[in-house]
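Asker: Note that the protein sequences, when read in sequence, are chains A and B. Residue numbers for the first sequence follow this note's numbering, beginning at 1 and rising by one. Residue numbers for the second sequence follow this note's numbering, beginning at 1 and rising by one.
Keep in mind the hints are simulated off the structure, nothing from the lab. Watch out, some of these pointers could steer you wrong.
Pairs count within a copy or across copies, as identical chains cannot be separated in the list.
[As the list claims (entries may be wrong)] Below, simulated BS3-like cross-link-like pairs (lysine-lysine); rule was C-alpha separation at most 25 angstroms, straight line:
id: 1; residue 1: K193; residue 2: K206
id: 2; residue 1: K475; residue 2: K544
id: 3; residue 1: K374; residue 2: K706
id: 4; residue 1: K545; residue 2: K475
id: 5; residue 1: K396; residue 2: K621
id: 6; residue 1: K544; residue 2: K476
id: 7; residue 1: K71; residue 2: K621
id: 8; residue 1: K283; residue 2: K121
None of the values given here were measured: they were computed from a predicted structure.
There are 2 protein chains.
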Amino acid sequence: MLNLFEIDEWKIIENGFTPSKQKQAESIFSIGNGSFGQRANFEEKYTGDSLQGSYVGGVYYPDKTRVGWWKNGYPEYFAKVLNSCNWIGINIEIDGFQLDLNTCEVKSFHRELNMFEGTLKRSFRCVFQNGKEIEVKSIRFCSMEREEIGAISYSITPINFSGNVKFSPYLDCKVMNHDSNYDEYFWDEDFHKIGIKKGIVCVKTKKTNFHVATAMRISFWKESELLDIHPNLVEREFYVENNFEYYLEKGVTHTLKKYVSVSSTINHSEFSYATIALNRVTKAYINGFDMLLAEHKAAWANIWSNSDIKIEGDSASQQAIRFNIFHLFQTYTGKNSKLNIGPKGFTGEKYGGATYWDTEAYCLPFYLKTAESKIARQLLVYRHNHLQKAIENAEKLGFKDGAALYPMVTMNGEECHNEWEITFEEIHRNGAIAFGIYNYVRHTLDEQYLVEYGRDVLVGIARFWAQRFNWSDDKKSYVMLGVTGPNEYENNINNNWYTNYLAKWCLTYSLEVENKFAKDNKVLLRSGEAEKWQHIIDNVYQPKKANSRVYLQQDGFLDKEQLIVSDIPQSELPINQHWSWDRILRSVFIKQADVLQGIYLFEDHFDKETIKENFEFYEPKTVHESSLSPCVHSILAATLGNKKMAYDMYLRTSRLDLDDYNHEADEGLHITSMAGTWMSVVEGMAGVRINEEGLFINPIIPETWKNYSFNMLFRGNPMTIKITQNTIEITNNSSSEIEATLFSEKIIIKSKETSNFSFNLFI
Amino acid sequence: MLNLFEIDEWKIIENGFTPSKQKQAESIFSIGNGSFGQRANFEEKYTGDSLQGSYVGGVYYPDKTRVGWWKNGYPEYFAKVLNSCNWIGINIEIDGFQLDLNTCEVKSFHRELNMFEGTLKRSFRCVFQNGKEIEVKSIRFCSMEREEIGAISYSITPINFSGNVKFSPYLDCKVMNHDSNYDEYFWDEDFHKIGIKKGIVCVKTKKTNFHVATAMRISFWKESELLDIHPNLVEREFYVENNFEYYLEKGVTHTLKKYVSVSSTINHSEFSYATIALNRVTKAYINGFDMLLAEHKAAWANIWSNSDIKIEGDSASQQAIRFNIFHLFQTYTGKNSKLNIGPKGFTGEKYGGATYWDTEAYCLPFYLKTAESKIARQLLVYRHNHLQKAIENAEKLGFKDGAALYPMVTMNGEECHNEWEITFEEIHRNGAIAFGIYNYVRHTLDEQYLVEYGRDVLVGIARFWAQRFNWSDDKKSYVMLGVTGPNEYENNINNNWYTNYLAKWCLTYSLEVENKFAKDNKVLLRSGEAEKWQHIIDNVYQPKKANSRVYLQQDGFLDKEQLIVSDIPQSELPINQHWSWDRILRSVFIKQADVLQGIYLFEDHFDKETIKENFEFYEPKTVHESSLSPCVHSILAATLGNKKMAYDMYLRTSRLDLDDYNHEADEGLHITSMAGTWMSVVEGMAGVRINEEGLFINPIIPETWKNYSFNMLFRGNPMTIKITQNTIEITNNSSSEIEATLFSEKIIIKSKETSNFSFNLFI
């Protein structure tokens with residue numbers, strides 16, 4: 001389904017209304033500000049197929065898990081991201097007929113998501129059943145400057161009549177989750193109040209007792225003239241509405257402006273949250289739509305200045321990469337350490353939970369290079385806050401003495417996924433969290449973080465691994481039994497190479513850190529612990545193919561029928577939609593990078609030959625049925641100088657949602673994999689690495705691209721790197737000198753200067 | 001919780017009413033006749049804790065499965081055994097007060113299950129809130145002679161008053177399953193009718209459309225005098241009731257007799273089922289309670305004559321073994337090839353489904369030696385009837401060309417279990433079904449069955465195995481990946497020794513049968529198929545411990561920490577209630593016999609040393625947390641001459657429910673494991689084997705038993721074997737001579753004669 005919507009470098013555009021695309025559009029045109037977000041549902045009533053979705057960061061419901069047969073240690077709930085108050089609603093009625101694009105005749109329709117300024121716009125003309133035609137123009141945004149504020153400007157122009165139009169802006173918190181396990185309502189009302197041109201509905205979640213206040217104020221305008229209106233007040237449980245009829249002259253535009261504040265007990269006390277919502281919405285109302293919009297655009301401009309990627313010569317790629325960056329910043333802004341990056345962000349309710357290992361493995365590298373370090377730091381603090389829960393989680397599984405196992409999926413630090421083969425066994429996530437700390441430190445050199453927070457987390461994680469390995473008398477090594485690697489098309493395997501390698505690295509790194517800092521700080525390790533860890537480090541079993549450089553994904557991998565993806569008939573792809581689960585499990589096919597994920601993370605531990613042999617062994621067996629897979633292959637292909645493969649894999653990840661490859665964009669977007677897309681340009685194509693030794697750049701450029709360039713931060717210094725077919729152009733936008741290694745050449749770019757290098761010099 | 005109820009050789013007795021034991025008692029005192037069954041719920045109203053349960057064989061509801069994340073091939077439903085019409089109900093009221101043992105004062109209480117005659121009796125005295133005291137005596141049974149008939153005699157004697165008593169016999173089909181996944185009603189009403197002293201309620205299941213008619217007739221007696229009564233008729237959806245008040249004189253007993261027919265579309269057409277129920281209940285009513293009871297007792301006497309086991313010197317063992325035999329015959333009588341042996345029989349609703357591999361592995365050997373061969377044959381025909389569904393089941397998993405995979409759990413041939421690690425992977429069940437055919441043929445020499453039915457099933461199963469093995473280039477052998485063996489404390493393992501061995505045997509046996517019969521009958525194998533199978537047979541990988549006779553349960557088994565059960569603190573047993581699932585999975589501990597299960601089945605393939613080494617390796621690692629495990633260990637221990645272990649394991653299985661070891665008797669009994677208990681006496685202690693070469697007897701006797709004896713059939717010939725501490729006494733109750741091998745001595749027992757042998761002669 002190529003090019004679901006129109007291609008534009010800064011916009012997603014839909015011209016003409018296609019109801020069958022509505023749910024996909026609702027996901028793709030979603031807006032958010034890291035604090036709350038909203039699918040691109042219509043403001044006015046819509047009776048066609050739609051997934052109503054409004055989400056408040058950090059607010060969830062512990063839905064009872066559905067399992068066939070409960071066993072010890074199974075999580076008791078699956079945290080659902082909650083569909084919250086519908087704050088966009090504005091019903092329009094003429095002569096008793098509702099404006100509803102499912103029943104009115106739609107004469108024209110234009111919807112656009114402007115990624116540069118962060119706005120969702122719509123304009124359309126439609127004819128009511130009584131023949132009356134209107135034009136509607138709306139624009140809305142979730143303020144990037146004021147994290148609890150949203151605003152809508154909704155204009156109507158009668159085209160072929162003068163007459164009364166009824167406007168009914170409302171707030172409706174009587175909403176359900178489509179994805180509820182047992183079809184329950186998740187909200188109770190706290191209270192609601194209604195007044196002239198204003199209203200508030202305060203609700204709280206069942207069980208978790210999160211309170212969310214949604215407050216609105218409205219104003220009504222004839223062109224630029226503020227009108228006095230006398231609305232009727234409608235209220236019931238969960239619902240407030242102001243409605244009024246107004247006589248509109250033919251051709252004259254009237255505009256309803258709706259200001260909303262969404263304030264919750266994530267940020268405020270139960271005592272004050274409602275008052276704060278009212279105060280903030282009042283302030284927004286007084287400041288007015290134009291001011292809110294201007295400051296919102298300015299905030300977006302600032303984001304883009306650190307993170308934009310330009311691709312010339314391939315507008316589909318250009319649109320896609322900006323789309324991915326845009327949604328990442330809509331989902332997470334690093335303002336609150338209670339928040340994280342849910343797999344669907346604020347674009348849908350599927351999966352539940354907010355935090356997967358995706359955060360550390362994919363999103364963190366993105367924020368580390370595109371935003372101030374404090375933003376990435378918040379993601380790390382989030383995990384530090386959950387350390388005690390991670391220890392409790394490990395205790396539930398029989399571990400002790402401070403061993404920490406971070407959950408596979410979480411909202412508050414507790415595990416909340418349904419499947420034992422994931423929660424109990426896909427423990428490599430624990431390593432990703434340790435790697436995240438390492439990655440943060442090598443990007444920022446912020447050792448203070450290590451001392452204050454990082455060490456505790458590292459030691460907890462290392463303790464888990466030390467207990468999770470067991471000595472095999474048979475192998476005379478430490479083995480790790482019963483795990484699931486990143487490749488979820490295997491379950492409960494022994495000696496997953498990736499997990500063993502990562503675990504060993506965690507022990508090594510934590511020991512290193514302890515050796516460095518325990519002298520001047522608190523001693524964390526118990527007597528004998530370091531020796532035990534070292535013994536494990538020295539004796540970890542790592543399965544390897546005989547007479548080759550290939551690491552084996554797990555014990556017994558070579559017993560499988562050694563097919564490659566091209567052996568599968570096209571009609572049976574993706575295999576997860578065609579093959580039974582057991583067939584997938586015993587097949588050789590790989591859902592997502594596993595050994596290669598490890599080689600990607602620890603690239604500098606392996607020589608090129610090893611990387612190449614493993615890539616050539618695993619790539620043909622990988623079906624990439626996880627959105628997180630192609631980016632890693634793209635980066636490794638780039639590292640190996642395989643431009644075509646790097647580009648093909650980039651394409652596969654970057655337009656995943658825009659072109660809806662997997663037929664699931666209607667449910668929401670793949671937010672975390674978007675970071676992988678960014679990685680495949682910056683780490684892949686441009687070969688950017690940042691570590692203790694500095695900045696390294698090893699670029700390639702796909703043949704179809706004229707040039708590409710991107711903004712990034714290196715230790716707080718903004719810079720722009722532009723790669724053409726012949727040159728590498730590096731601009732230092734900061735006030736300090738920047739040192740880097742281009743290919744293997746040391747270079748220095750002076751403050752505010754641009755340096756040009758020819759590819760020919762290096763290759 | 002030892003001796004939950006009183007010990008008696010032929011009875012289970014409860015003296016004194018203990019409400020906290022009521023649900024356990026309801027299970028243990030259950031009655032049934034292979035066609036329908038009833039928990040020991042009270043006839044009169046009871047507001048205390050209770051699990052109402054009335055079950056009709058073969059009638060089920062496809063309850064939507066509960067899974068965290070649905071994957072291809074997952075079964076869509078979990079077949080629930082249905083709680084059906086409450087046919088026992090008789091409410092009693094005096095002066096507006098209900099008889100309810102939860103609220104009345106209970107002065108005495110006696111309940112007994114008479115296993116010899118198959119009746120449930122109750123007598124009690126209680127005092128109503130108004131001080132009136134009555135004595136109640138009831139007796140009920142599900143007729144072993146008339147499979148759709150149940151009858152109740154319910155007598156009341158006023159102790160300290162004369163006055164009116166209200167009797168309200170009723171049928172109530174508005175019942176739910178406690179174990180419903182989504183709290184739904186599973187029944188719709190077809191119709192109901194009510195008349196004087198009679199009524200009928202006809203209901204049908206949602207989705208599956210099974211129709212069940214429950215019809216009643218009542219009579220009322222003063223001592224032995226039939227009284228004329230004029231009941232009030234009460235009817236509503238799902239419900240009919242006759243009620244009447246009668247003046248009872250102090251000290252005079254009045255009796256309500258309630259006759260019931262339970263007729264379903266398992267046996268009858270939708271057109272006729274209601275009429276049949278009415279006809280049958282009328283006939284029962286005319287024949288009268290005493291005649292029904294007499295013929296019922298006679299049927300039970302006949303069953304016992306073929307199957308009884310006597311144990312002298314250990315009355316707990318004696319009671320237990322009869323309890324197990326009794327419940328097996330209450331559950332399955334072989335009259336209908338649509339029925340099978342559910343794990344809870346008619347005693348509870350847990351687990352769902354009717355048919356597990358338990359049937360072939362445990363129950364079939366029991367029926368083969370205790371009942372006419374046609375009864376075991378019905379169990380085989382049942383699977384033959386499901387062959388097409390087994391082929392479809394295999395097709396869903398990607399197999400082809402007639403490969404058949406029988407389901408793990410089924411009602412109608414379709415898979416209906418919740419968990420992928422069981423349905424997809426615990427495929428050894430397929431082998432048990434083939435073994436069942438082999439076992440039937442060696443017991444009966446009924447080769448005609450092989451030709452007409454068995455071959456088809458064997459070939460289908462062998463085809464599955466031939467496809468399920470795959471060639472490993474690494475091992476240069478055929479391997480079987482991703483299975484779960486009988487030991488469900490492992491999941492998704494490679495090369496489970498038991499499964500590989502059994503699969504190889506299936507291929508071998510099916511080839512043998514084809515070689516023998518394909519000449520004179522239809523050719524089933526396709527060209528090349530025999531050669532392919534032979535190649536697999538010759539090259540199956542069987543993991544083995546180096547330098548030993550120990551077969552390895554699976555690849556990598558020796559990588560586990562090699563602990564034994566005595567290493568586990570008592571407080572952590574059973575591990576399934578204390579350890580998280582992943583810890584259990586990666587531990588060395590074995591839920592139930594796995595390698596040893598294979599050695600038990602194919603005992604004659606292995607020398608004593610091999611059996612001994614494997615037993616000594618695995619027994620200490622086995623936690624026996626399946627009810628199906630200890631019996632196999634008991635039999636092998638007996639084979640190895642280990643009397644103490646044989647006895648300990650026997651005890652563990654025989655009183656599992658009577659003493660409620662696992663704290664779950666309230667949910668129903670472990671019916672299929674009861675057959676294992678019988679096996680541990682006959683196959684274990686007495687060492688009885690029947691194969692193509694005849695009857696073999698190798699007895700031992702536990703030191704605490706004075707003697708034990710049992711009735712059995714050898715190729716249709718009834719015989720009794722009695723073992724004392726010194727002698728073996730064999731009685732041939734048949735009209736033919738019986739040949740056998742006692743230890744290794746050939747012996748002949750003449751018709752109607754008893755031969756005595758001294759142990760000393762042999763040992």
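Asker: Run through the hints listed earlier and report the numbers of any the structure violates, in increasing order.
Answerer: Number 3 only.
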